[in-house]
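K.L.:
Keeping the supplied structure of chain A fixed, place chain B upon it in accordance with the hints.
Below, each chain spelled out in residue letters.
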Amino acid sequence: MTNKKIPTLVGSGIGLALFLAVALLPAMLYGGYAGLLLAGGIFGTPVVPTLLPRALIVFGMVMGVVAVGSLSLFAVLGAAAGAAVGALTSVTIRKPAAQESASR
Amino acid sequence: MRATFLVFALLFATAARGEAAKLPGGADACVDCHNGKDAPAVDTTAFGASVHADKASCTDCHSGYAMGPHEGEQKALAPAEQAVVDRLAKARWPKPAAKPAHGKEAPKGEEVKVTSPRAYLACAGCHEMEHADAMSAWQGSVHSKWLREDTKAAGPTCASCHGAIHSVKKLAAYDPRATARQKVPADRREIAKRCEACHGNEEFAKAAGLNPEAAFTYHDSIHGRLARVGNEYAPVCTSCHAAEKDKGGTHAIVPKTNPASVVSAATKKDTCGRCHEGASDNFASLIAHTEIQETGGHMVPHLVHVGFSYLTTLTLLFFAFHVFVDFIYELRQRFAAKHHGPANAAEQMRSVIRFDLHQRAQHWLMLAGVILLGVTGWPLRGAGDPQAAAYSSSLMKVFGGAQGAAIWHRIGAVLIILSAIYHLFYLTFLAAKKRLPFSMLPMPKDALDMKDNILFMLGVKKERPKFDRYSYLEKFDYMGIFWGVILMVGTGFIFWFPVWFASWAPSWLITAAQIIHGEEATLAILFLFVVHFYNVHLKPSIFPMNWVWLTGRITVADLKHEHPLEYERMKPDLDE
Chain A
19 MTNKKIPTLV GSGIGLALFL AVALLPAMLY GGYAGLLLAG GIFGTPVVPT
69 LLPRALIVFG MVMGVVAVGS LSLFAVLGAA AGAAVGALTS VTIRKPAAQE
119 SASR
Chain B
219 MRATFLVFAL LFATAARGEA AKLPGGADAC VDCHNGKDAP AVDTTAFGAS
269 VHADKASCTD CHSGYAMGPH EGEQKALAPA EQAVVDRLAK ARWPKPAAKP
319 AHGKEAPKGE EVKVTSPRAY LACAGCHEME HADAMSAWQG SVHSKWLRED
369 TKAAGPTCAS CHGAIHSVKK LAAYDPRATA RQKVPADRRE IAKRCEACHG
419 NEEFAKAAGL NPEAAFTYHD SIHGRLARVG NEYAPVCTSC HAAEKDKGGT
469 HAIVPKTNPA SVVSAATKKD TCGRCHEGAS DNFASLIAHT EIQETGGHMV
519 PHLVHVGFSY LTTLTLLFFA FHVFVDFIYE LRQRFAAKHH GPANAAEQMR
569 SVIRFDLHQR AQHWLMLAGV ILLGVTGWPL RGAGDPQAAA YSSSLMKVFG
619 GAQGAAIWHR IGAVLIILSA IYHLFYLTFL AAKKRLPFSM LPMPKDALDM
669 KDNILFMLGV KKERPKFDRY SYLEKFDYMG IFWGVILMVG TGFIFWFPVW
719 FASWAPSWLI TAAQIIHGEE ATLAILFLFV VHFYNVHLKP SIFPMNWVWL
769 TGRITVADLK HEHPLEYERM KPDLDE
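Protein sequences appear in the order of chains A and B.
According to this note's numbering, the first sequence is numbered sequentially starting from 19.
According to this note's numbering, the second sequence is numbered sequentially starting from 219.
The set of hints was computed from the structure by calculation and includes no laboratory data.
One thing to keep in mind: the hints can contain errors.
What follows is a list of derived Cβ distance ranges for each label pair [as the list claims (entries may be wrong)]:
| # | chain 1 | residue 1 | chain 2 | residue 2 | range |
| --- | --- | --- | --- | --- | --- |
| 1 | A | L34 | B | V616 | 19 to 29 Å |
| 2 | B | Q400 | A | T107 | 51 to 61 Å |
| 3 | B | L549 | A | L38 | 15 to 25 Å |
| 4 | A | L38 | B | M788 | 40 to 50 Å |
| 5 | A | L34 | B | A586 | 34 to 44 Å |
| 6 | B | L532 | A | P67 | 13 to 23 Å |
| 7 | A | P64 | B | S275 | 27 to 37 Å |
| 8 | A | P64 | B | D256 | 46 to 56 Å |
| 9 | B | L673 | A | P64 | 35 to 45 Å |
| 10 | A | G62 | B | D272 | 49 to 59 Å |
| 11 | A | G62 | B | A563 | 57 to 67 Å |
| 12 | A | T68 | B | D256 | 48 to 58 Å |
Partner residues aside, some chain A positions facing chain B, computed with beta carbon under 7 Å [stated by the list, open to error]:
| # | residue |
| --- | --- |
| 13 | P44 |
| 14 | Y51 |
| 15 | G59 |
| 16 | I60 |
| 17 | A85 |
| 18 | A97 |
Quick list of in silico lysine-lysine cross-link-like pairs, DSBU-like style, CA-CA up to 30 Å [stated by the list, open to error]:
| # | chain 1 | residue 1 | chain 2 | residue 2 |
| --- | --- | --- | --- | --- |
| 19 | B | K313 | B | K363 |
| 20 | B | K313 | B | K388 |
| 21 | A | K23 | B | K757 |
| 22 | B | K370 | B | K474 |
| 23 | A | K23 | B | K778 |
Here a beta-carbon is modelled for each residue, glycine too, at the ideal position from N, C-alpha and C.
Next comes chain A alone, as it looks inside the complex:
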């Protein structure tokens, strides 16, 4: 693992922790609701809680969690923020060229 990757991974870790703290439940609710709407279109309304509609709702929940949590608004933004912080700190702490060549 390179030093460049560490801030990125730390950022995504923070993003994921934030997701678990504040957005896991709404992501499941929104995803489950999307699954329910799809089940309504395919199996008709009112949706009878049989195996396939339940499976579709669970699938919707998984999609909601993955969409909101691991990929988009938390992990990726956290990773991007971490990468940005890493880039900024690497610029600010870089040794002057003369000092760098002297140390070789």
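P.N.:
For chain B alone, coordinates are given in the frame of chain A:
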């Protein structure tokens, strides 16, 4: 100084005593017994703050009583009045979800009944003089029918809508006009909850011969969702069903089959016109307390709904499978790489331009617009679920509340429109220069590539298909954007200017547009945030992201691996 202090002290003392002295004359004797121990309690604080505090004494409403336990004190009523009291005494309602309105609070799961039926005679006694229009309207309304004749179920009393009589408050002024939209006062939202206690109770609604879906379909409609996420202008029951104030207001509700109803076929457009200036009959037909795909009875919205449900489900299932297989393949590759050592370091350092500045700018506009549309639009769609609505409301506060989120949503729409226009100009420019690339067009090879790639990732095939400048996944993303922008922008404009569209377009088209906007949003958001974000961000080999969207450059190693046909075409130039 001391004199000034005394003057203020006296002033405040008088004011304080004035607040406490709002109980009517003679009430002290009643309250002595009605303390919750010897007799049912009266909330004197609530009564003191109520509209009746300085207008009615206990015996104005509870007439005919003398001091004592009251048994056998009351005189016989006239037959007509006795009939009303008997109906009130027999009446039972489902317990409302909120604070009960019909008097004594019933234990959970039980019905509610009137505790002092004779007292209701006094409502008419006073208000016939004070609010003759309202009383006259009430006596002819559908809600008072049950007091005049036998009906399937009991209708409402004064308290059903106004709340417990001992704590009735004066209602805020509310008279919405299209030219001056008015926020719905909090008391009308409270009244809506009381409407729902009967109209939203499926069992009671069926017994009373009402539409059992009325409350559900309201909450599922655009009006109900806006109300749930906290839009202060979103209409409630009385916004549409109450007559004009000088015609009796909410007291004048009659069946919609009655031409005098404000939601009758002939008058409904005028009612919609309270908020939507210029509303036509066609516009008015779009809201009908039915599921949206069944509104109007045309088959197109129904087919669109079913078709989109299948399209979304099958697309997401397929690509979720694709993501899963790819993820497993990537993990296997990472494990193998550790054994085989790193790839060519020079090829990893060297890069070539993949996207020029115009292409990146178009993508930046598109991604900003789509994310903005997603985070401001999905909370409204998700508000169809009552539990999710609370989160929607919180999320929308980030954008300045429901009204603020609506503005940001339109800004997002403008961003994707700008991106689309930019892209069309860009393509036209390239065409004029005879440099228009056709590498994004889907070809039969893409279908074969997809099949072969999945088999390869599953380990069935030994060799990965060779992709050109754009793989089938990138082409799907690109064509999906075309499809999505056309559908979302087209239907979004119908939402933005509904009255104008309803003035010429058939209602089934507008209803279908409403369905498409919501269902295409579900497909687009889940596809982009799961499938596209996986391919460009979370894939283990490129996490946290493929930087090409910022730098426009791709390493030669990635080019060789991801787009081998393009790499082979470029190789002579790269070798120079």
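K.L.:
Of the hints stated earlier, which fail here?
P.N.:
5, 7
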